[in-house]
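Protein chains: 2
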Amino acid sequence: MKDMNSAQNNVSDLLKLARKFNSFYLSGLHQGICKPFIVAGHQVGLVRPDVLKYLQRFPEVFRIAGKYVELNPAFRDYKERTTRVADVLQKLRKENEICALKGWRDECFEVSTAFYQESLLEMDRSAICLFGIRNYGVSVTGYLNHPSKGLCIWLQQRSFTKQTWPGKWDCFVSGGLAVGFGILETTIKEAAEEASVEGELVKKLVPAGCVSFYFESERGLFPNTEYVYDLELPLDFVPQNADGEVESFELLTAEECIQRALSPQFKTTSAPVLIDFLIRRGYINPENEPNYRYLVELLHVPLQSIYNWPFTHMVAAAAVNGDDQGIYDDN
Amino acid sequence: MKDMNSAQNNVSDLLKLARKFNSFYLSGLHQGICKPFIVAGHQVGLVRPDVLKYLQRFPEVFRIAGKYVELNPAFRDYKERTTRVADVLQKLRKENEICALKGWRDECFEVSTAFYQESLLEMDRSAICLFGIRNYGVSVTGYLNHPSKGLCIWLQQRSFTKQTWPGKWDCFVSGGLAVGFGILETTIKEAAEEASVEGELVKKLVPAGCVSFYFESERGLFPNTEYVYDLELPLDFVPQNADGEVESFELLTAEECIQRALSPQFKTTSAPVLIDFLIRRGYINPENEPNYRYLVELLHVPLQSIYNWPFTHMVAAAAVNGDDQGIYDDN
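Chains as they are written, first to last, in the UniProt record's numbering: chain C, 1 to 331; chain D, 1 to 331.
Each hint should be verified, as a subset may be incorrect.
[To be verified] A few chain D positions that, by computed beta-carbon distances, are all more than 10 Å from chain C:
hint : residue
1    : K16
2    : R93
3    : E110
4    : H146
5    : W165
6    : Q240
7    : D276
8    : G282
9    : Y292
10   : Y294
11   : S305
[Stated by the list, open to error] Output of the computed footprint for chain C on chain D, the stretches with three or more beta carbons under 8 Å from beta carbons of chain C:
hint : segment
12   : 205-219
13   : 295-303
FYI, nobody ran anything at the bench for these hints, they're computed from the structure.
Don't be surprised by glycine CBs; every beta carbon is placed ideally from N, CA and C.
Construct the entire structure; sequences and hints are all you get.
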């Protein structure tokens, strides 16, 4: 049977980019290398070997049994799980060896089951990539239909002092969904802080779906879902940053945006939002993009079910059956 | 480990509908029951046992070897594969036993590899569901922003003489991608034939992505990808059918559309286009739909890679290794 990568002709630049921000998804989740992370009977993530070696030092918190890493099931509730995990992370943070923890945020993300969104614990935002926990955020595309240039989009350059992707080009406005904040609420908050979008303009925010992709970097695993919002801006609007996290803003044509997204100056994990917007607006379309349907697929990889079906379900079955030749084996 | 279906609370009506049009996807592709269909070394589909029993009678065309059904690899090219398969289908059609073939169309769909869209053969449209061949079509949502009713959408009722889904409510305009027709070309052709969209109005068609889902019915397997187009219509536009395939048209508010889509009067496999449109327009949004992100996921299931990774890739490896305990086994 031919390998899916055997014929490399006809691969567009956008598809190459979509493969890049899905580096972990397209690796087959490093089948056999990472261990499922289980909390209260639910798989909520994956742990890489480089992280596992740190967790092994805390057997009272993380049980590493065969093919799994399990948060001690004796922890009774959300609060106890949160505290016990935070203790370990603070110890590791002080040792200053794990790159991701150098960006400690003092802002927690929720760890929950995918389908019914049952909250299991919360964890500092910087740490969730160590466990491959699903990460939710919001992104706003600020755009306008320019009388002579056509579709134009405001991009932001991230501050050079940011812990992640400093100085890179990014969407107009974006932010993570921290514990206690709603989706629209976060969008409105971030739009005000990052770009001074306020008053009547806020009412023009239009939710338009979400993009999901699974990226991996040296720092960790990023199964990201971004709720996307569109915001048509007046021709004379100029975004002003209010929280010091933005270096500058620039208004680009759609074509310039694509070129920027394809360049190394763009935050890889923000490209899906931009590509999705340009697809929804018809700028990228079946007539000009040979890999259109596969591109759309790679903007919506099945993160909500990736830890339940089909892989882990079968692994669970194999484990229950005492089958040591489970499908996560590399041989 | 808890089953993903154990907690049935908080499941919205729209999620129930999304599960319905993904009945085959969510069954885990009937793991162990259907056999991969291989053409020229590529898996292009799946064959159910009820179809397999007919194919077994034609061993010179379909080789049923272990876990696979393979089109005879001695067939040299597109033309020979097409002719040999058509011969079998015509014989079966004459026997008048297979429900799907009663709707013979004299219109061929292409059978191709997913990623690089290499054409392998063509097959009558009515037969592709027997082999689980990926099916591509176009759909247009004709809408308007009504001064008093807000977002409104034109729906069509299918003719009672149609072979499939007679009399059911459907999108404004839709059609399958037949051999030799482009995507935009098909959209324009269908918009003219089904609803008399012509002239300047055609230029307002906006491509806006695609939806993918995997439905199963008694007739067969439907891994469908629909290229979606939006068309804003003038307030005074009234669609007129020109090809006799439409019973009537009706203009509904967004809320009425949702109710119609949830009713048994709606063509199940057209609901994804409508839901996707209402999500992209912000009518269905994270604040009013509790299963929003999972709903978006079920509008974009990974059909382009479903026959290659992860299942079949591993099955192929198991077959190569002579491993009889492959993952398709039910035990």
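Numbers of unmet hints, in rising order | Numbers 7, 8, 9, 10, 11 - these are the hints that the structure violates, sorted from lowest upward.
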